[in-house]
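Undergrad: Protein chains in written order, with this note's numbering: chain A, 467 to 1049; chain B, 467 to 1049.
No wet-lab data here; the hints were simulated from the structure. Any given hint could turn out to be false.
For chains that are exact copies, the list does not tell them apart, and a pair is met inside one copy or across any two.
In silico DSS-like links for lysine-lysine, alpha-carbon gap of 25 Å or less [said to hold, decoys possible]:
#1 Lys496 <-> Lys840
#2 Lys959 <-> Lys591
#3 Lys591 <-> Lys984
#4 Lys960 <-> Lys984
#5 Lys840 <-> Lys826
#6 Lys728 <-> Lys831
#7 Lys1044 <-> Lys1032
#8 Lys959 <-> Lys1032
#9 Lys611 <-> Lys682
#10 Lys1044 <-> Lys883
#11 Lys960 <-> Lys865
#12 Lys883 <-> Lys725
#13 Lys883 <-> Lys959
#14 Lys493 <-> Lys984
#15 Lys764 <-> Lys909
#16 Lys795 <-> Lys883
2 protein chains.
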Amino acid sequence: MYRTNTCGELRLENLGQNVILSGWIQKVRKFGGMIFVDLRDRYGITQLVFNQEINPQLRDEAEQLGREWVVQIQGTVSERSNKNPNIPTGDIEITVSMLNILNVSQTPPFTIENESDGGDDLRMKYRYLDLRRAPVRSNLELRHKMAFATRSYLNERNFLEVETPVLIGSTPEGARDFIVPSRMNPGEFYALPQSPQLFKQLLMVSGFDRYFQIVKCFRDEDLRADRQPEFTQIDCEMSFVEQDDILDVFEGLTRHLFKTVKGIDLPAFPRMSYADAMRLYGSDKPDTRFGMSFVEIKDLTEGKGFGVFDNAEYVGAICAEGCAAYTRKQLDELTDFVKRPQIGAAGLIYVRCEADGNMKSSVDKFYSPEDLKKWAERANAKPGDLLLILSGKTEKTQKQLNELRLEMGSRLGLRSKTQYNCLWVVDFPLLEYDEELNRYFAKHHPFTSPKPEDVALLDSRPESVRANAYDLVINGVEIGGGSIRIHNSELQKKMFSILGFSEEQAQAQFGFLMNAFKYGAPPHGGIAFGLDRFVSIFAGLDSIRDCIAFPKNNSGRDVMIDAPAKVAQEQLDELHLKINSVG
Amino acid sequence: MYRTNTCGELRLENLGQNVILSGWIQKVRKFGGMIFVDLRDRYGITQLVFNQEINPQLRDEAEQLGREWVVQIQGTVSERSNKNPNIPTGDIEITVSMLNILNVSQTPPFTIENESDGGDDLRMKYRYLDLRRAPVRSNLELRHKMAFATRSYLNERNFLEVETPVLIGSTPEGARDFIVPSRMNPGEFYALPQSPQLFKQLLMVSGFDRYFQIVKCFRDEDLRADRQPEFTQIDCEMSFVEQDDILDVFEGLTRHLFKTVKGIDLPAFPRMSYADAMRLYGSDKPDTRFGMSFVEIKDLTEGKGFGVFDNAEYVGAICAEGCAAYTRKQLDELTDFVKRPQIGAAGLIYVRCEADGNMKSSVDKFYSPEDLKKWAERANAKPGDLLLILSGKTEKTQKQLNELRLEMGSRLGLRSKTQYNCLWVVDFPLLEYDEELNRYFAKHHPFTSPKPEDVALLDSRPESVRANAYDLVINGVEIGGGSIRIHNSELQKKMFSILGFSEEQAQAQFGFLMNAFKYGAPPHGGIAFGLDRFVSIFAGLDSIRDCIAFPKNNSGRDVMIDAPAKVAQEQLDELHLKINSVG
Chain A
467 MYRTNTCGEL RLENLGQNVI LSGWIQKVRK FGGMIFVDLR DRYGITQLVF
517 NQEINPQLRD EAEQLGREWV VQIQGTVSER SNKNPNIPTG DIEITVSMLN
567 ILNVSQTPPF TIENESDGGD DLRMKYRYLD LRRAPVRSNL ELRHKMAFAT
617 RSYLNERNFL EVETPVLIGS TPEGARDFIV PSRMNPGEFY ALPQSPQLFK
667 QLLMVSGFDR YFQIVKCFRD EDLRADRQPE FTQIDCEMSF VEQDDILDVF
717 EGLTRHLFKT VKGIDLPAFP RMSYADAMRL YGSDKPDTRF GMSFVEIKDL
767 TEGKGFGVFD NAEYVGAICA EGCAAYTRKQ LDELTDFVKR PQIGAAGLIY
817 VRCEADGNMK SSVDKFYSPE DLKKWAERAN AKPGDLLLIL SGKTEKTQKQ
867 LNELRLEMGS RLGLRSKTQY NCLWVVDFPL LEYDEELNRY FAKHHPFTSP
917 KPEDVALLDS RPESVRANAY DLVINGVEIG GGSIRIHNSE LQKKMFSILG
967 FSEEQAQAQF GFLMNAFKYG APPHGGIAFG LDRFVSIFAG LDSIRDCIAF
1017 PKNNSGRDVM IDAPAKVAQE QLDELHLKIN SVG
Chain B
467 MYRTNTCGEL RLENLGQNVI LSGWIQKVRK FGGMIFVDLR DRYGITQLVF
517 NQEINPQLRD EAEQLGREWV VQIQGTVSER SNKNPNIPTG DIEITVSMLN
567 ILNVSQTPPF TIENESDGGD DLRMKYRYLD LRRAPVRSNL ELRHKMAFAT
617 RSYLNERNFL EVETPVLIGS TPEGARDFIV PSRMNPGEFY ALPQSPQLFK
667 QLLMVSGFDR YFQIVKCFRD EDLRADRQPE FTQIDCEMSF VEQDDILDVF
717 EGLTRHLFKT VKGIDLPAFP RMSYADAMRL YGSDKPDTRF GMSFVEIKDL
767 TEGKGFGVFD NAEYVGAICA EGCAAYTRKQ LDELTDFVKR PQIGAAGLIY
817 VRCEADGNMK SSVDKFYSPE DLKKWAERAN AKPGDLLLIL SGKTEKTQKQ
867 LNELRLEMGS RLGLRSKTQY NCLWVVDFPL LEYDEELNRY FAKHHPFTSP
917 KPEDVALLDS RPESVRANAY DLVINGVEIG GGSIRIHNSE LQKKMFSILG
967 FSEEQAQAQF GFLMNAFKYG APPHGGIAFG LDRFVSIFAG LDSIRDCIAF
1017 PKNNSGRDVM IDAPAKVAQE QLDELHLKIN SVG
């Protein structure tokens, strides 16, 4: 038996017990005739003491112990003279009577502490050592807890977890697929799923009624900080439901997770239309931890000779509370911020609503204090506040104003990682027009149902058709999204034709789904949550990478195992594949 | 709202309630002015009644309803005059007041009944309709329940579910990998994991202590009835454990599943050495639902002039209780059975221990009744029993006798699908010698630890070294297997050298694991269960295919979605791949 207890559980009430512990050497400190050792395992740290006076030979053995060695010890639980209130086992120590070295360790390439001295690359190469660090491990413990709590919640509500296949067919619609050559069917390929979308809809046709799966999905995309080639979804689908049924169940799931995992009781989630989200925040995933919503003032600015506003389609303001005293330098910083190429505004107009009631702006030449007061009134600005104003094409300017709003939120400390604001964004547009490719794309995906009251517009004004589609947004991050699906094969056919599929193409790619719809498909809809992002939000992480055990870098490489890699010629031969020279 | 209740829950206590149901039309029966409809959903079947006298127009509408149409109805719960005790809702029916046709259905290509008229191919092509059948769906419900109960059990015991990557590197050892070309790293490939073996061991090095994962694994093998290219494992690993610790935890899991999912209390599982399993049953996965273990009688047969036995290395018997009266034809059938090329015995010797005490055998010419009585005694044969005897090379003959034993068990009805006999087979050999390739292979895998007491034999007699490896066998099916791992990098290096790896090869393929072992690897071990087989055993299925939602056929094809398939030239170009002409 390697241990009677873990390194996290012994307390004063265990005084005098003879125990066996196993773990890693975290730290060795020598104090005259005594050696103190911190022994670590997943559950905590327990102090060991080797006392020259009690057992000189054992104390000498302990002298050799190094960081990260693995040892088993036997000893007696004693009360510490020097208690450590910072750890749960801080009242006790083990007076060691037996030491068994299970494994030695080379000096690790970085320190195994909460704050490590290892850089990103080194920590990724030795990920198995990085994972020993408590903050990294706790992210994965959190991930386990969230996945488990999700399954419990859905299981209790009659959802069945059904595994859908990983080796499926490639569909050109959407992002790029990873493909897998088939040896038994030479020249043919499987694809890895970007989501189990089609299979979960088929399960609804099969009468499964309530499906979920926590499932790996794959996208061969160029990677950014918040993207991984393989990622995990909480994928769900329900039959005989309307949009509100789905929102209710999954708002319930989200609140259940906050309650059971973080002990937080959340109020009901507000619901905001996509149109309002764009109008008030310039984003379909507004961060609602703070206000500062947009105010349109175009009508108040016209005809005073300021060409920039007069020629603009849109003039929008946000009110930064208590910022009237911003210095020239601070205002210049904000101007530089909105003029950065990623944001691309031409400039920034400000109005200081000074504490004494005076108005000072960068457009005093064109507008009287009375003009500016009208703007301030509309924006609910009080003395001491600062108006920040952008203008231009509506959509573009709203996006710029969104960036500025988020920046101001950060500067003002309004985006705390321990505050959680959840929001449903609903009534997304069904379609998006791509000017370059001269065709419509599905905003969500081609199986999303238009709102019944908008179906008549499908022929005349497709761009204004709203979908039964919804996103769950937490703190400005899209955590999940879904839709009520089309369950009628004629409407699905029409949708494919609007998206520019020929009947043959639609049949070739989605024939099995359209056929399935001919045999009694029920009304159905669903949602998928990005588990990686959900965990990151709970953990307060900036990147999803830190809540993944073995993530890949931005080139899609696992630097620890050095994959991908070349394969043997015989493997390629068996697959009838040749590699083109890479130019 | 599509429904107030499911089709499975209304009872007499709901009499008079106004309800809304949605579901599929299972059956329509006309009785004069009445139309009775069975409405089906996942939860059950409820009878609807359309009564001419109450609502003639609605009755006429109901006339058009066809099999598998999807409808929503409103009505009142009434008591049936003609109760159906076979279904839980059989006491009530719904007097319909509103009918809403949600979707029509073409006539399905086969009947959606417990016993369908559809052949395998048709049912696989229309798998979404096959899944509507209650027996198919209940297999998947069972699968969900088992996975959920597994997670609950392990979660309660501090196991963390950690997701390991699906896109990893290819390792030539073991079965063939599926490989995935990397677009971002042209000419390089990921591989899909055959198991998360290396990652779970790294998690132990990381101090995760107790890991599990229910995870898809992949093997590009030629398929048999019980193999799928993608399959699911319950994969587990623990630190600071010995073999007994693992056996205890996972015997507990298995008993927990039997108890919670099937309501069966199982006794403690016997443990049998690999050597005994081979000696007594000629198999490392003996079916212990019945006895009939092997009896060696070589010593009793020698020197009587029967060359077949005299020249045989091994003479083994099984005793078939109560079969002394087998006819010539029955004995011929058994002889034909063992002579089939898949089994390959030269012939079968029998001894009838007749009810009157006489002995009759096919070798009466060589052996006296007294000789035969000695054989019978050793085999514990009573009057009325039949001895069946095979002889030849030891290992080969034991395998043949195993087949004969299983055949006799089936013929005698000793292999009931509702009886469950669990067995641990332990002390597997560490290595297997491959005569053809002239090298040793790891019997379990190269990370398996030899028994400490056998380590000294590694150099002198590697083939006799036993491993700390174990299998869980239920009813003759291997459900899971695992081992205590090597955690010492020197021993691991030695193991690779015995397996014929050069140091460079070992370093190239498993370098990251051997490096990890240098930084304080704890003693650890684990096990993996085949979920598909585990579910099949619980469901009494002959093939794992029936407990998989969307299985592939023997050519690795999903005939429903028609995958694998050709991909677009641009996809191949992006991956720098060319397909060799397939000759």
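Undergrad: None of the hints should be skipped; say for each whether it holds.
TA: Against the structure, the hints:
1. Proximity of Lys496 to Lys840 under the C-alpha cut-off of 25 Å is found in neither arrangement, the shortest distances being 73 Å within a copy and 75 Å between copies.
2. Taking the shortest Cα distances, Lys959 and Lys591 sit within 25 Å of each other only across copies (21 Å), while inside one copy they are farther apart (50 Å).
3. With identical chains, the CA atoms of Lys591 and Lys984 are at most 25 Å apart between copies only, with a shortest distance of 15 Å across copies and 52 Å within one.
4. Taking the shortest alpha-carbon separations for Lys960 and Lys984, only the intra-copy value of 15 Å comes in at or below 25 Å, while the best inter-copy value is 62 Å.
5. In this homomeric assembly, Lys840 and Lys826 come within 25 Å of each other (Cα to Cα) only inside a single copy, at 13 Å, whereas the closest approach across copies is 116 Å.
6. Taking CA atoms no more than 25 Å apart as the test, Lys728 paired with Lys831 passes in neither setting, with 54 Å inside one copy and 83 Å between copies.
7. Taking the closest pair of Cα atoms, Lys1044 and Lys1032 come within 25 Å of each other both inside a single copy (12 Å) and across two copies (16 Å).
8. For the homomeric pair Lys959 and Lys1032, the shortest alpha-carbon distance between copies (24 Å) is at most 25 Å, but the shortest distance inside one copy (43 Å) is not.
9. In this assembly of identical chains, the alpha carbons of Lys611 and Lys682 lie at most 25 Å apart whether taken from the same copy (17 Å) or from different copies (21 Å).
10. For the homomeric pair Lys1044 and Lys883, neither the shortest alpha-carbon distance inside one copy (50 Å) nor that between copies (49 Å) is at most 25 Å.
11. Taking the shortest Cα distances, Lys960 and Lys865 never come within 25 Å of each other, neither inside one copy (32 Å) nor across copies (62 Å).
12. Taking CA atoms no more than 25 Å apart as the test, Lys883 paired with Lys725 passes inside one copy only; the shortest distance there is 17 Å, against 44 Å between copies.
13. In this assembly of identical chains, the alpha carbons of Lys883 and Lys959 never lie at most 25 Å apart, being 45 Å within a copy and 47 Å across copies at closest.
14. Taking CA atoms no more than 25 Å apart as the test, Lys493 paired with Lys984 passes between copies only; the shortest distance there is 18 Å, against 68 Å inside one copy.
15. Proximity of Lys764 and Lys909 under a CA criterion of 25 Å is satisfied in neither setting, with 29 Å inside one chain copy and 78 Å between copies.
16. In the homo-oligomer, the alpha carbons of Lys795 and Lys883 never lie at most 25 Å apart, since the shortest distance is 28 Å inside one protomer and 81 Å across protomers.
In this structure, the earlier hints numbered 1, 6, 10, 11, 13, 15, 16 are contradicted, and the remaining ones agree with it.
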